[in-house]
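Residue numbering for the sequence shown follows this note's numbering, starting at 4 and increasing by one per position.
Please keep in mind that the hints were generated in silico from the structure rather than gathered at the bench. We put the CB at the ideal spot given by N, CA and C, even for glycine. One should not assume that every hint holds.
To be verified - Quick list of the computed label-pair ranges, beta carbon to beta carbon:
1. Arg444 / Leu505: 18 to 28 Å
2. Ala318 / Arg421: 28 to 38 Å
3. Gly182 / Glu226: 41 to 51 Å
4. Lys166 / Glu361: 48 to 58 Å
5. Met359 / Asp425: 23 to 33 Å
6. Gly208 / Lys154: 19 to 29 Å
7. Asp147 / Lys74: 52 to 62 Å
8. Gly420 / Ser331: 15 to 25 Å
9. Asp425 / Lys342: 29 to 39 Å
10. Gly420 / Ser566: 50 to 60 Å
11. Ser124 / Lys74: 40 to 50 Å
12. Lys342 / Glu389: 19 to 29 Å
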Amino acid sequence: MDKERSIFRSRAFLNAIYNGIVAIDEAGLIVYFNETASRIFNITLDKALKRPIMEVLPNTGGKLLECLSTKEVLVGYRLQGERVSLITNINPVFEGDKVIGVISVFQEVSEIEKIAKELESYKSINNQMDAIFVSSYDGLFICDGNGIILKCNKSSERLIGHKNEDIVGRHVGDLVKMGYIDRSVTLEVIRKRAAVTILQKLRNGRQIIVTGTPVFDSHGRIEFIVTNERDITALNKMKSELREYQLCAARKKMVCGQDICLPDIIAEDEKTKQVFQTAQIAAGFDTIVLIEGETGVGKGLMARFIHQTSRRRKAPFFKINCGAIPTSLMESELFGYKKGAFTGADPQGKIGLLRMAEGGTLFLDEIGEMNSDMQVKLLKVIEDKELMPVGATKAIKVDIRIIAATNQDLAKLLSDGRFRKDLYYRLNVVQIKIPPLRERRGDIFPLISHFLSKMNRRFNCVKNIATEAVDLLCAYSYPGNIRELENIIERLVVLTSQNEILPEHLPMHVTAENMLSASFADNENGLTLKQMLRAYERQIIQSAMLKYGSKTMAARALGVNQSTIFRKRKKTLRNAIMH
Numbered sequence: 004m005d006k007e008r009s010i011f012r013s014r015a016f017l018n019a020i021y022n023g024i025v026a027i028d029e030a031g032l033i034v035y036f037n038e039t040a041s042r043i044f045n046i047t048l049d050k051a052l053k054r055p056i057m058e059v060l061p062n063t064g065g066k067l068l069e070c071l072s073t074k075e076v077l078v079g080y081r082l083q084g085e086r087v088s089l090i091t092n093i094n095p096v097f098e099g100d101k102v103i104g105v106i107s108v109f110q111e112v113s114e115i116e117k118i119a120k121e122l123e124s125y126k127s128i129n130n131q132m133d134a135i136f137v138s139s140y141d142g143l144f145i146c147d148g149n150g151i152i153l154k155c156n157k158s159s160e161r162l163i164g165h166k167n168e169d170i171v172g173r174h175v176g177d178l179v180k181m182g183y184i185d186r187s188v189t190l191e192v193i194r195k196r197a198a199v200t201i202l203q204k205l206r207n208g209r210q211i212i213v214t215g216t217p218v219f220d221s222h223g224r225i226e227f228i229v230t231n232e233r234d235i236t237a238l239n240k241m242k243s244e245l246r247e248y249q250l251c252a253a254r255k256k257m258v259c260g261q262d263i264c265l266p267d268i269i270a271e272d273e274k275t276k277q278v279f280q281t282a283q284i285a286a287g288f289d290t291i292v293l294i295e296g297e298t299g300v301g302k303g304l305m306a307r308f309i310h311q312t313s314r315r316r317k318a319p320f321f322k323i324n325c326g327a328i329p330t331s332l333m334e335s336e337l338f339g340y341k342k343g344a345f346t347g348a349d350p351q352g353k354i355g356l357l358r359m360a361e362g363g364t365l366f367l368d369e370i371g372e373m374n375s376d377m378q379v380k381l382l383k384v385i386e387d388k389e390l391m392p393v394g395a396t397k398a399i400k401v402d403i404r405i406i407a408a409t410n411q412d413l414a415k416l417l418s419d420g421r422f423r424k425d426l427y428y429r430l431n432v433v434q435i436k437i438p439p440l441r442e443r444r445g446d447i448f449p450l451i452s453h454f455l456s457k458m459n460r461r462f463n464c465v466k467n468i469a470t471e472a473v474d475l476l477c478a479y480s481y482p483g484n485i486r487e488l489e490n491i492i493e494r495l496v497v498l499t500s501q502n503e504i505l506p507e508h509l510p511m512h513v514t515a516e517n518m519l520s521a522s523f524a525d526n527e528n529g530l531t532l533k534q535m536l537r538a539y540e541r542q543i544i545q546s547a548m549l550k551y552g553s554k555t556m557a558a559r560a561l562g563v564n565q566s567t568i569f570r571k572r573k574k575t576l577r578n579a580i581m582h
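Please build the complete structure, drawing on both the sequences and the hints.
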């Protein structure tokens, strides 16, 4: 009775064990199969007990039989059941030296593996967070809900100037007491229980933007406070770069003729675009600019463009032509004079252009025509930023930008002694050379269209130019540059009675130049100089006769006698018959 009770208790204990237990006798028959094993393998006791192990557990039974024959312990053998992963330890059971059976203990590891994977996942996330924390460019600072410092990253150390090991475990208020920071965002977060952003001043004089964010636990208590620190110097730099980008973008729009009060700017040719790009850069710096170029290329327009795209654009812009003002009046025009300075002077005195341009730009056109005395006085204004009006005893400070222009070769004037070397080097800080129109032919057609529209608006008419006439205009060399082109278009619009401007309406010098070009091209056929001149002369006379309709009018237009026209036409006809 006691033996049966002992066996019953043993089975009860074994059934209560979380691990599965399977035992076989020396014949390989299952003699014990506890309830956990029944659950793991999904086999009832009646289908397991006293049956061969290989029939009941074909995937595992082989290892038990192997242990029965080898008498060796097998530890940590892993096997995969139908529903779960298992680890088993298999031990032989001895009676004396004889093996009378084998017992195997199975442990289900699916749940353990799941927990292990979750643990690995948490470790990975934690590593990622640590990597972000350490490598962040912004300073990161973490405190607990009471303001005790838990950790900070290298960027925070760099910004504030402390070491992590020196402050961890201390209260954040100690940083204020030690002078690292002027105030604490963490204390503000604890007080307001909400995210707070402040400007923080550091003891090295720099300012940083600091944002503190609370992290709440499930009970609504502040568990952590995460602080983000960013150097405001970097932000200011980005803002400055953004402003510069916006300014450059605005200037580029201006170069394209948009949002600018200089509608006559045409920049289609690559050479012109390069010139305006240089001018655009120069406009951003308050320096003297020297513009060089032939008469009529648009030096005045370029000067006004530089003024309009500079920081002085809202201030006055004054122009003075140094070659158009008599030498005796130049000083009073530029510098002004005090009342009673000389006989015939305005009794109230006069403010010169240099003072009138205060804060703005003074454009000195044809600077090469300025006499030597005035060059000395101008040099003093440039160097000292002050001027002395005629008749005054005290200099006056001025803030102006000077742009000079010339159609002469200042370097040659320098070598000839007609221009001061010191003034030349003062003026020639930024040099802008505007090429003549004949060297930027990409601008000619757009300029023709622009001036035609301009004249149509001015004279309230609707004129257009025939393609053949446009071709001739585009081929012309324009010794007078843009000014000459504008005058030609104005003349054509005014004097052409019909709405379409044809080649015969063009000025004689335009068509004559094209004829001469054609004659030179004919030299490819081996014509002599004499033959080319005859052909050129013939073309000019024929063109004049077609245009004016009579020998009298043609002779007058060409500046020769009527008899000359008659004689040359007769000679041309005779040569044509002979050939």
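(message) Tell me the numbers of any earlier hints that the structure contravenes, in ascending order.
(response) Of the numbered hints given earlier, the structure breaks just one, which is hint 3.
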